[in-house]
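Participant: Take a look at the letters that make up each chain.
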Amino acid sequence: VNEPLLELDDIQAHVLPGFGHEHQRLLGWRLPDDEPAAAARALLADLAGRATPARRGLADRAARRAVRRGRAERSRLSGRPSTAVAVSARTLRMLGHDDLATIDEAFTVGMSRRSYLRDPPAREWTVGGPGREIDILVVTAGEDLERLAGAAEEVCAVATRAGCELVHDQRARRLPGDVEHFGFRDGISQPVLRGVVDADGTPLVERAPMPVMPDHRAYAGPGDVLVWPGQFLFGLPRQSETDPVRAAPARRAPALARNGSLLVYRKLEQDVPGFLADTGRMAAGLGVDPERLRAELVGRWPDGRPLARSGSSSGAALNHFGYDTAVPDVPDGPCGADADPDGLRCPLAAHIRKVNPRDQETDKGPPSATLTFAILRRGITYGSAGDDERGLLFLCYQTDLVNQFELLAQRWANNPERPRQGLDNGVDLLIGRVRAGTPRRARLLAGEVSTVADWVVPRGGAYLFAPSLSALRVLAAASTGGL
Amino acid sequence: MDMLDAPGRVRDLDDRRLAGWSALVSAWFDRMVERTAGQVSDAGDVRFVNPLRLTGPLAERRISWDAFPRPVKVRHPGDPVGARRAADEFRSLGDYYGVTFYSVRGDEAEEVVLRYRPQDEYCEWFVDRDPGSGRAKRIVFTSEGHEYWRFLADGTAAFEESGVPEEFRVDGDRALLLRLYRELVGPQVRKKDLFFGTDIAFRREPGDPLRLFRKKGAYNPYNKWNTVAGLAHLTHPENSLHGEVSLAAAASVPRAGADGSAVTDAGRLVCCAGLGDPNRSSDPTIVTDVNDLVRRGLSVTLRDPVGLYITAFDDAAVSGPDGEDVSHWWRPVRGSGGLVVRAEFAPPPGAAYGLEEVLVNGLPLESGGQLAEVLTMSLFGVAADLGRGAPPPIPCDQRCCAADDNPDVLRLVTIGSQCPDGWHSAFEESATAQPAGAAANRAVRRAGLTA
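Residue numbers (our numbering), protein chains in the order written: chain A, 915 to 1397; chain B, 13 to 463.
For the record, the hints were derived by calculation from the structure and aren't laboratory data.
Using N, Cα and C, we set each Cβ at its ideal position, and we do this for glycine too.
You may find that some hints are simply not true.
A few chain B residues that face chain A, going by a derived Cβ cut-off under 7 angstroms, partial list only [to be verified]:
{"id": "1", "residue": "76"}
{"id": "2", "residue": "92"}
{"id": "3", "residue": "274"}
{"id": "4", "residue": "277"}
{"id": "5", "residue": "278"}
{"id": "6", "residue": "300"}
{"id": "7", "residue": "326"}
{"id": "8", "residue": "329"}
{"id": "9", "residue": "331"}
{"id": "10", "residue": "332"}
{"id": "11", "residue": "373"}
{"id": "12", "residue": "374"}
{"id": "13", "residue": "375"}
{"id": "14", "residue": "376"}
Please work from the sequences and hints to get the whole structure.
Facilitator: What follows is the structure, given as structure tokens:
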């Protein structure tokens, strides 16, 4: 299988491999009504020089891992903040790039108008509401708060000088153990990009020897399913719906989109006391342990162990399991795991099962199709235990908003009979949304539970496009006849 | 249960004709049981049953799929607007069957084009416009198979089905047919518009003799009030009730690949069994779910009333121009007890704005396909444990080839044969197994020409 070259000096590091820094600050800018294109160019010209390429992101990540594992001194960390840039469809139109602004139907329309997500009305949003839509989002990240603040101030100075209005300023910090505020470890399961990083054909992610897997998918290692990069980066071969191994042609897109990606940004506020109280009530009603009930809602125990795997799991085993068929032992790796097709260990309504049914047939077809819905999650928590407001900044990358993020949210998380169709299992109680005033319910192992409360409330956000570094320079430079 | 009801439990038919309909559908089931017996090695391995003969505790299974035609969608990757446009373009029935149709008057034969919609997920739609202003008045959706409407017109004689006992053979009710057309499509429908004015014949090659397709005076499912000017029932040749029964029957046979291992996933199974269109959402889903029940040792059939149903509309997708709730614009029109076979989306009387101002996820409502994208279709299967266990699998008859330039587009080839130029083997399956029952499965596809 010939895998494409990933242009690590052109792809933004926030897309690949993501920012693993402890702190982040997100700055959302609104273009001025007067001469918005000039303002956009002025800001993007500066940001083009700041945006972090994937190559540096990978080096930083390797350094962080070495430090964490005690193989390197903390001084090896560069300390340089990382920066990512994404723009709205409106910004692209202002800059005369209608072809990029219409690269994706949902992107063109904007998140606030995608009514089937069942979000609260945009007028109630605290991020990206009417008149405060984010035209340019800057994500800065680093380990050192002071340097991060300095980088943010520099961006603010340039943006203000350009006439942009700061409509969103959000600080975020990874919680210890990479848990989210309900206490569960997050970000365990991510697709692994196919692709090579040099002329010698060195793969982006090293491939471990794996036994033949019953789901016919290709794996880089236990639980690390390989996905063609066109699912996340324009201009590259994408995943086929019918064949888990072969590539499909890249999604049709303007040349300037190459190595760029569509970003979903959603501020999800979490009502932790409400979650604990409500799930406590549910557990009492069913006569089960509240911790157990919460784990069933998630599909994993707080430390990440999947309910679908019986016995203890850690490391690579956390992700080495299927629902439809048993997975084999991996030589020098995790042992195999039994299947759980009917949700007898992990409920069909569990969050991780709703949004990633793995090897199980879905309403959308064979498991190979499920790979085409995968997203690269880049979320980070905000707030802390003592704060009134805390939650998750949900960020994810893809090349097709309708058939990736929106499909997972609208078609699966919100739907009581999908993705495992034909059986009414309820909605994803963590993120699933139903008609206002209607109870949300889910079938767990000990019985059905329901609530009228939303433990996770979307507070707004935006659909954005994260251009490649070279595209950023083009956007910043020339007018192509736009406004 | 001694009788099968009309799809959606609609109450069009008198008791005599309802009994005739039941006998017709029952005969289809019996024929499919026979066909299945011809596929498997032992008659005791048949797990498909006539619902009239299934007794004991039954487990129901709802099988659902998306209403927007996936075969159209996969040919327009990343281009939803193009896919919607293509889904609204009529196609030639002659092209579908690889024949040319002729209107025959005496010795004269004039080429004629019969049209159908490419909306092949058992759901078709029509945008009904005001003839004066051209404004869209309503968008109508149907899941009614053509057989029921042919039955309305011509009774059991509309079908070459010898399995209908003499005492259940009934005539049609053309007055009722016309009444329903006028009620559902419009008062302007004339009786003569609904029937072929001449014999309709076809041939494959220019020199071939003409073969009769439909006689003069037979009901014309492709009449203008069911195609370009309206919608009464499904037109796609694969959108049929008979096809639904046939598919469920064929899906009741477990399959094994060349290495003997069970073929279970939707993609491989629909290819292996050579069933339906592997590009559709519906067929692979139906096949896999039915097959899954049989592999668990259950006997299967379709739940009465046998039909295809519009079961869910995501009303959050639609809104007024300022975000108003227009979910009540969606209205089931035919079918009862949740078994909707016809529905429409239309402004209620006195609405402040029309369809052209409705937004579907922020986009102006411009095509029925936008609503089809948030529609769910279903059929209902039932299974019973008759104590027979799971039958042994039979080998694959066919396999799928995928287009080199778009591997999401699949086509079937007989097992053992090569993929044509420009296509490669999908799923990298071995082509060594011997075909079994392939002819029977090809007959499923041809059924529309002969049934």
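Participant: Please go over all the hints and tell whether each is borne out by the structure.
Facilitator: Against the structure, the hints come out as follows:
1. For residue 76 of chain B, the shortest C-beta to C-beta distance to chain A is roughly 5 angstroms, which falls under 7 angstroms, so the interface hint holds.
2. A least Cβ separation of about 5 angstroms between residue 92 of chain B and chain A falls short of the 7 angstroms threshold, and the interface hint therefore holds.
3. Interface restraint check for residue 274 of chain B: the shortest CB-CB distance to chain A comes to about 11 angstroms, outside 7 angstroms, so the restraint is violated.
4. Interface hint status for residue 277 of chain B: upheld, as the beta-carbon distance to the closest one in chain A is roughly 5 angstroms, under 7 angstroms.
5. Below 7 angstroms, beta-carbon pairs count as interface contacts, and residue 278 of chain B has one with chain A at about 4 angstroms; its hint therefore holds.
6. Contact between residue 300 of chain B and chain A, as hinted, is supported at the beta carbon level, the nearest pair being about 6 angstroms apart and thus within 7 angstroms.
7. Evaluation of the residue 326 of chain B hint against chain A yields a held restraint, the C-beta minimum of about 5 angstroms falling below 7 angstroms.
8. Interface restraint check: residue 329 of chain B against chain A, minimum CB-CB distance 4 angstroms, threshold 7 angstroms, status holds.
9. This hint holds: residue 331 of chain B has a C-beta 5 angstroms from the nearest C-beta of chain A, less than the 7 angstroms allowed.
10. Among the interface hints, the one on residue 332 of chain B is violated; its C-beta lies about 10 angstroms from the nearest C-beta in chain A, farther than the 7 angstroms criterion.
11. Residue-level restraint check for residue 373 of chain B holds (minimum Cβ-Cβ distance to chain A is 5 angstroms; threshold 7 angstroms).
12. Here the hint on residue 374 of chain B is kept, as its CB sits about 3 angstroms from the closest CB of chain A, short of 7 angstroms.
13. A hinted interface residue such as residue 375 of chain B counts as satisfied when its beta carbon comes closer than 7 angstroms to some beta carbon of chain A; here the least separation is about 6 angstroms, so the hint holds.
14. Annotation: residue 376 of chain B was flagged as interfacial toward chain A, and the flag is violated, the nearest CB pair being 10 angstroms apart, outside 7 angstroms.
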